[in-house]
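Assemble the whole structure, with the sequences as input and the hints as a guide.
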Amino acid sequence: MREKELNILKDYKYGFTTDIESVKAPKGLNQEVIRFISNIKKEPQWLLEWRLKAFERLKALKEPDWQKPKYPKIDYQDLYYYSAPKSFKEKPNSLDDLDPKLLDTYKKLGIPLQEQKRLNGIAVDAVFDSVSVATTFKEKLTEKGIIFCSISEAVQKYPELVKKYLGTVIPITDHYFATLNSAVFTDGSFVYIPPNIRCPMELSTYFRINASDTGQFERTLIIADKGSYVSYLEGCTAPMRDENQLHAANVELIALDDAEIKYSTVQNWYPGDKDGKGGIYNFVTKRGLCKGKNSKISWTQVETGSAITWKYPSCILQGDNSIGEFYSIAITNNHQKADTGTKMIHLGKNTKSKIISKGISAGLSDMTYRGLVDISSRANNSRNYTQCDSLLMGNKCGAHTIPYIKNKNLESNIEHEATTSKISEDQLHYCQQRGLNQEEAVGLIVNGFCKEVLQQLPMEFAVEAQKLVGISLEGSVG
Amino acid sequence: MLKINNLNAKIDKKIILNNFSLNINPGEVHAIMGPNGSGKSTLSNILSGKKGYDVTGEILYENKNLFELETEERAHKGIFLAFQYPLEIPGVNTNIFLKTSLNAIRRANGEKELDAIEFLNLVKEKAKNLKFEEEKLNRQLNVGFSGGEKKKNEILQMSILNPKLSILDETDSGLDIDALRIVADGVNSLRKKNNSFLIITHYQRLLDYIKPDFVHVLINGKIIKSGGPELALELEKKGYENFN
Numbered sequence: 001m002r003e004k005e006l007n008i009l010k011d012y013k014y015g016f017t018t019d020i021e022s023v024k025a026p027k028g029l030n031q032e033v034i035r036f037i038s039n040i041k042k043e044p045q046w047l048l049e050w051r052l053k054a055f056e057r058l059k060a061l062k063e064p065d066w067q068k069p070k071y072p073k074i075d076y077q078d079l080y081y082y083s084a085p086k087s088f089k090e091k092p093n094s095l096d097d098l099d100p101k102l103l104d105t106y107k108k109l110g111i112p113l114q115e116q117k118r119l120n121g122i123a124v125d126a127v128f129d130s131v132s133v134a135t136t137f138k139e140k141l142t143e144k145g146i147i148f149c150s151i152s153e154a155v156q157k158y159p160e161l162v163k164k165y166l167g168t169v170i171p172i173t174d175h176y177f178a179t180l181n182s183a184v185f186t187d188g189s190f191v192y193i194p195p196n197i198r199c200p201m202e203l204s205t206y207f208r209i210n211a212s213d214t215g216q217f218e219r220t221l222i223i224a225d226k227g228s229y230v231s232y233l234e235g236c237t238a239p240m241r242d243e244n245q246l247h248a249a250n251v252e253l254i255a256l257d258d259a260e261i262k263y264s265t266v267q268n269w270y271p272g273d274k275d276g277k278g279g280i281y282n283f284v285t286k287r288g289l290c291k292g293k294n295s296k297i298s299w300t301q302v303e304t305g306s307a308i309t310w311k312y313p314s315c316i317l318q319g320d321n322s323i324g325e326f327y328s329i330a331i332t333n334n335h336q337k338a339d340t341g342t343k344m345i346h347l348g349k350n351t352k353s354k355i356i357s358k359g360i361s362a363g364l365s366d367m368t369y370r371g372l373v374d375i376s377s378r379a380n381n382s383r384n385y386t387q388c389d390s391l392l393m394g395n396k397c398g399a400h401t402i403p404y405i406k407n408k409n410l411e412s413n414i415e416h417e418a419t420t421s422k423i424s425e426d427q428l429h430y431c432q433q434r435g436l437n438q439e440e441a442v443g444l445i446v447n448g449f450c451k452e453v454l455q456q457l458p459m460e461f462a463v464e465a466q467k468l469v470g471i472s473l474e475g476s477v478g
Numbered sequence: 001m002l003k004i005n006n007l008n009a010k011i012d013k014k015i016i017l018n019n020f021s022l023n024i025n026p027g028e029v030h031a032i033m034g035p036n037g038s039g040k041s042t043l044s045n046i047l048s049g050k051k052g053y054d055v056t057g058e059i060l061y062e063n064k065n066l067f068e069l070e071t072e073e074r075a076h077k078g079i080f081l082a083f084q085y086p087l088e089i090p091g092v093n094t095n096i097f098l099k100t101s102l103n104a105i106r107r108a109n110g111e112k113e114l115d116a117i118e119f120l121n122l123v124k125e126k127a128k129n130l131k132f133e134e135e136k137l138n139r140q141l142n143v144g145f146s147g148g149e150k151k152k153n154e155i156l157q158m159s160i161l162n163p164k165l166s167i168l169d170e171t172d173s174g175l176d177i178d179a180l181r182i183v184a185d186g187v188n189s190l191r192k193k194n195n196s197f198l199i200i201t202h203y204q205r206l207l208d209y210i211k212p213d214f215v216h217v218l219i220n221g222k223i224i225k226s227g228g229p230e231l232a233l234e235l236e237k238k239g240y241e242n243f244n
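Protein chains in written order, with the numbering used here: chain A, 1 to 478; chain B, 1 to 244.
Source of the hints: derived by calculation from the structure; they are not laboratory data.
The model shown is predicted, which means the values in this text are computed figures rather than measured ones.
Take these hints with a grain of salt, some might be off.
[Said to hold, decoys possible] No more than 27 Å apart at the CA atoms, straight line, and that leaves these computed lysine-lysine pairs for DSSO-like: (1) Lys50(B) / Lys238(B); (2) Lys24(A) / Lys73(A); (3) Lys126(B) / Lys222(B); (4) Lys192(B) / Lys422(A); (5) Lys150(B) / Lys128(B); (6) Lys50(B) / Lys396(A); (7) Lys126(B) / Lys150(B); (8) Lys451(A) / Lys124(B); (9) Lys451(A) / Lys150(B); (10) Lys422(A) / Lys136(B); (11) Lys112(B) / Lys467(A); (12) Lys51(B) / Lys396(A); (13) Lys193(B) / Lys451(A); (14) Lys140(A) / Lys163(A); (15) Lys64(B) / Lys422(A); (16) Lys70(A) / Lys343(A); (17) Lys51(B) / Lys274(A); (18) Lys451(A) / Lys422(A); (19) Lys64(B) / Lys150(B); (20) Lys73(A) / Lys138(A); (21) Lys422(A) / Lys150(B); (22) Lys53(A) / Lys163(A).
[What the hints assert, rightly or not] Examples of chain A residues toward chain B, derived with CB under 8 Å: (23) Asn409; (24) Gln427; (25) Gly435; (26) Glu440; (27) Gly448; (28) Phe449.
Note that the Cβ used here is the ideal one computed from N, Cα and C, for glycine as well.
Structural data, given as structure tokens:
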């Protein structure tokens, strides 16, 4: 009986597909496809040229191969780079115009798109395959001058803002996947917070890959103008499919003087089945620029999904007194692999960074923390504190910590602490003797281990993340 | 309440319990005394549901086959083990652990779960009785606790869960005299006509404070003699070596 319950729980809850007719660009990666994407989005000439420039650059680049998780060669010519539900050919004006099947999908995912869910107080932009579906709470945000829309819409309505900031944190020449994204990105979210405005609600995007053989290349750009504050959350799911799907997003954050951006991710892409078949390749570039003085960027990530997670949400601390933070929980189970961490680049004076990373590996999975702390010669009186903890479950998984530390400034300080521990049979037995079942016991122990990071999440999502942590590890012991 | 008939336990082919039998009725306090390696901790492990033993024989708890119950189900039905070496669980607040435990057991028994305030009132009262500093309840479970504090924490959990059958596995070892007395008071306050105790110990001194109804001498996995409290004194005088 318990066995059966466990199996049901282990199944990926979001593994359904939605039967919606879609419009796709022809398979393959070439100029025509890029023109197709740009054309269908009615983009201005400069953006098309920008994309083509990235594509030219891409031809000269090679996929990086220094990461720990290896993966079979991806045939970039065998992917669709644009897929949109057919009913989207004409962009819907309101939620009522949406395909009811799509609304149903989001309902299954628990995303509060509908009007009656307004009480939740979270503004959501939802991206389905390549297209942004709907943005809620628009009016309320507009009152404060906050822009929260899809990046396609921003290109049309606020071209000067997009042109000014797009690619300034992740240049089109950056590296293979970032450059690929620049060439073929389809949609994503755009946020602009005007000076001295505190965004009154959490902004949130849900990404979902539905169509098969589709890569998802979304692009998110968040700008917090002087003295403003925003907290942003992204969530992701995908249907269960046998083949691997590529997700190569770029996220750029820019914080001007005295501004703060808090960016939280709960990543629950399909991880593949228990034998390692299928699952998402999550090769994402996320970078924040603390451009102004006293600015702050804080990344919090809970990474439980994907077959391979390969990402380093980073902060460039350019402004004096700026602060960068990275809080991470990464969980791998079965055959999942993760190579994740952060980069903290200290350029300004009195800059501070903090890295708290909690890695949990179970089953046959493998986890690597890889992080760079780089304090430049100009960054007087700067500080970094890093703490990397790994928790192992069972004896067939791996955990690795690879810190790169560069300090070129004698006035600055770097601290690094690391631990590795194991959930012991005895700890589980102790909890079970106190009436907790095995899953509750694992959940309790792991949540204790992750506590410092979970505390960083916005309240509503902390609860969700806590549950997710438990679910991801179900069946991993005993 | 608990009937153990001809229990044999092996670990890696080594015989640890050998035709072990014991009968505990509701309200009784039994003490098992024995030297190192006599099988005392194996007995408490098996009763609590710990895996890894090769077991034959029969254990009936409230007339049900104990082997058919998972560890947590045994806890739900009122079996409590005060661990010889209580485990540390980093990041988990002691209060939250206690509340999770109590509510898991209450839920399994169809009782209403306690809310935060009801629970705090209960835990404060019990902690006070055991002279357990409230401040420690907000610390991570057993992390940085002294040996004595960990043992007291076990007794605190016992008094909150109010189990029917409490097994104390060498709870007295590592306790100073004051702590020993507090622990014994805790046990005595739970002695009721339906609550039974199995006290496993090396020494007689705990039995100065908790008066057992029966004392059993365990040597090489077998009870070689049973009697009243006077047996413990005799044992203390002679030592295990010369006891027969």
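*Does the CB of Gly435(A) sit less than 8 Å away from some CB of chain B?*
Since chain B brings a Cβ to about 4 Å from Gly435(A), closer than 8 Å, the hint holds.
*Is the straight-line distance between the alpha-carbon of Lys451(A) and that of Lys150(B) 27 Å or less?*
22 Å, holds
*Are the Cα atoms of Lys150(B) and Lys128(B) separated by 27 Å or less?*
OK: Lys150(B) and Lys128(B) at ~16 Å, within 27 Å.
*Mind checking the alpha carbons of Lys112(B) and Lys467(A) for me, to see if they're no more than 27 Å apart?*
Given that 27 Å is the threshold and the Cα spacing comes to 22 Å, the pair holds.
*Report holds or violated for the interface hint on Asn409(A), using the least CB-CB distance to chain B and a cut-off of 8 Å.*
34 Å, violated
_Hint consistency between Lys422(A) and Lys136(B) [alpha-carbon to alpha-carbon, up to 27 Å]_ = Roughly 25 Å between the alpha carbons, so the hint for Lys422(A) and Lys136(B) holds.
*Proposed proximity, Lys150(B) with Lys126(B) (alpha carbon, max 27 Å)*: Holds - the C-alpha atoms of Lys150(B) and Lys126(B) are around 15 Å apart, at most 27 Å.
*Regarding the pair Lys70(A) and Lys343(A), is the alpha-carbon distance no greater than 27 Å?*
22 Å, holds
*Against chain B, is Gly448(A) within 8 Å by beta-carbon distance?*
3 Å, holds
*asked:* Lys51(B) and Lys274(A) were given as a pair; does the straight-line alpha-carbon distance stay at or below 27 Å?
replied: 25 Å, holds
*Given the hint that Lys126(B) pairs with Lys222(B), test it: the Cα-Cα distance must not exceed 27 Å.*
37 Å, violated
_Holds or violated: Lys193(B) to Lys451(A), with C-alpha atoms at most 27 Å apart_ = Judged against 27 Å, a Cα distance of about 43 Å means the pair is violated.
Figure legend: structure checked against the earlier numbered hints; hints not met, in rising order: 1, 3, 4, 13, 15, 19, 20 and 23.
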